[in-house]
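Peer 1: What follows is each chain in one-letter form.
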Amino acid sequence: MWRTARLVAAKDLTIEWRSRQVTNQVLPFAGLTLVLFAFALDRDDITVRVAPGLFWLATTFSLIVLVQRAFDVETADGALDTLRVAGVDPAGIYLGKALALAVQLVVLETLLLIGVIVFYATNIDPAGYVLTAVTALVATCGLAFVGTLYGGLAAGAKGRETLLPLLLLPVVAPVLIGATRAFEAAFGTDGGDGIRSGVEIADGWPWVGMLAVFAAVFGAAGVLAFGPLMEEA
Amino acid sequence: MPASDPANAASSTDAAAPVVELDDVVAVLGRFPALAGATLRVNPGEVLLLKGPNGAGKTTLLRLCAGLLPLERGHATVLGHNLAVDRSAIRSEVGLLGHQNGLYGDLSVRDNVRFWGRTAGASEQEIAAALAQLGLDGRLATVAAGRLSAGQRRRTALACLIARRARLWLLDEPHAGLDAEGRDLLDDVIRQSVAAGATVMVASHELERAQALATRMVTVSGGLVVASEAVS
Amino acid sequence: MSATLTNAENDPRLGTRSGFGRWAGVTSTGFSRGLGIATIVGLVWLVLFGLVFSPQDIVQDSSVRILYVHVPTAWVAYLAFGFTAFSSAMYLFRKKKSLAWDRVAGASAEIGVMFMGLTLITGALWGRLTWGVFWAWDARLTTTAFLFVTYIGYLAVRRLGGSHQARAKRSSIFGLLAVLEIPLVHFSVLLWRSLHQEASVANPNGDVKMDGLMLFSLFVGIISFSLLYFWLVLHRQRVLYLEDRYEDADLDSALAERRSESQAASNG
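Line order of the protein sequences matches chains A, B and C.
So the first sequence is numbered by the working numbering: it starts at 21 and just counts up by one.
So the second sequence is numbered by the working numbering: it starts at 5 and just counts up by one.
So the third sequence is numbered by the working numbering: it starts at 20 and just counts up by one.
It is possible that some hints are incorrect.
[To be verified] Using 25 angstroms as the maximum straight-line C-alpha spacing, the simulated DMTMM-like pairs for lysine to aspartate or glutamate come out as follows:
id	chain 1	residue 1	chain 2	residue 2
1	C	K188	B	E76
2	C	K116	B	D90
3	C	K188	A	D64
4	C	K116	B	E76
5	C	K188	A	E181
6	C	K188	C	D263
Quick caveat, the hints were computed from the structure, so don't treat them as lab data.
Small disclaimer: the values here were computed from a predicted structure and weren't measured.
Please take these sequences and the hints and turn them into a complete structure.
Peer 2: Here it is in structure tokens:
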């Protein structure tokens, strides 16, 4: 299973490297959403405070695009069928695609973070660097697991462009909530109006715990359910 | 006694156990009964030609033998496994080449064959050999699959099939899209794999060429197997 | 056998009346008729007790009467989704896969979505009348909204097509995944809202003190709506069964047609 996962992940990342679709299209898209948020919200003091939320919103929307792409690659020339016939371990396919998706997400998030710092004049408290990094990693795992699972369910189906957001967005809500709260703690964002002055870095860690539970639950569910889901033509 | 006896590779119990045994099989696509009671028996080492009009059910029959479609009615055994019980058991031993090639457009030819080969446990030599067998080891090896011509993509898909070392080959109109040289190459490849112990089922409209290859011919029509004749 | 369901005029199970009367008796049995009558009686009681007999609340006046519908619909919606999850598990984890469980899961989800929609609407109305707000971001409401959207997604997944078994497998897996995600959503929203200590807006969905006749009316509501739920699921899954059988029965005539193609080909 792990061997298959490595092969599949390497394959997906090679495809991305050769086609540069993420770097050329998805990253600009994510960056654009950050800019559009600023346009819509219009007030600098607000954008600073909601920067963590906007970051994770942009990431979530980009997740949908990335998942669509990950499975369109498979269905384009019937590769998914061939994967089935070849008897490649479905759990391995799942983990491999999730891994590749996670790597792409991490790249995306790194650049989004830079974007947030630049566009929203956010200053991250250096003491919060560890929390930020860990949160991002754990949340990314959760997103990758859940995205690959639901992507597999919708793969090749008619109407999948609208089905996937409908299925995925409710599920990632806990990640959105938890990761945003953790980021708020890590950034040391102080609203200045007394509402969130009590947020300290230590407050962020319980959220990371919840994110870890999320990732573990869906990782396990995915390994078990991906095979049966891929099964029915 | 042939040098390589495929029957011994197939099963240890009955030397003449058929590779494929279909008994009154009904398979549906949506609500349409693509196979309406097909009965067929394929012995080890045979090259079976499936002929018949479009829409007769040839593709469905091949996909069923690959374990991709569920059985609605009837009985089907492939390589000793009962398809009604477990369709996934035969997966790694069967190779299907359908209308699509199953390639990744952004990967090079070599990367494609390498991926499909290595997920089936092939070694680097076997992968290189597969590429060489189809004339893909030169300049073409580094070209992205999406930029190849249809014929070249077909050849790449065949290389992937060889690299996976399947025991049962299911080829759905494999000659389509190939030029004369490619078709000769395909025939050679089929002969070589049979010599190495595989069994082949080919659905084709290229009757002359396929008949030269085949050991037996069946006609598929209206979801049924209606005729069978040996080819001399 | 194949003709039974393809020709409504000849179906012996349908009555000889015309129009809607023709369909009377197709999915009813003695049991479901009894259930239906009990439901109607219960609902009549609910109307009487809810609107007429029970007193006005001290604080909320007559707007509390909405609760006699809102609470039962919420209860039924949760019951429906729980049953969908249960049926999905029953389909998936048994040796012999029985499509009946899948149909029940689907019927229950459809009705659950309907009741959940009613819950959200009646809840919003009550909230507006009582507290002045249509909505509040507390754990219960938010989870309810998520449940609603998730099961709309479930219904979409059911319509993805394929064979009955494919639909059943896909839906039951998704149904169980939905069960997994609901506690996660609930828990995270709960934690999230606990951060906001402002007591400025009281929880509009807080429990209302009820006793005596009001409580009794509530129970009448819960019971009669539950009966309604069972009656609806019973009929709906029978209709789904008939639909499935229709598609399968069609298979025999389709097979005959298909085979004749090969005759025609060999003759022509």
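Peer 1: Next, verify each hint and record whether it holds.
Peer 2: Consistency of the hints with the structure:
Using a Cα cut-off of 25 angstroms, the hinted pair K188(C) and E76(B) holds, with the two alpha carbons roughly 16 angstroms apart. Proximity of K116(C) to D90(B) is assessed by CA-CA distance (about 14 angstroms); at most 25 angstroms being required, the pair is judged to hold. Simply put, K188(C) and D64(A) have alpha-carbon atoms about 50 angstroms apart, too far for the 25 angstroms limit, and the pair is violated. About 15 angstroms separates the Cα atoms of K116(C) and E76(B), which keeps this hinted pair within 25 angstroms; it holds.
Note on K188(C) and E181(A): the hinted pairing holds, with a Cα-Cα distance of about 22 angstroms set against a maximum of 25 angstroms. A hinted pair counts as satisfied when its Cα atoms are at most 25 angstroms apart, and K188(C) with D263(C) qualifies at roughly 15 angstroms.
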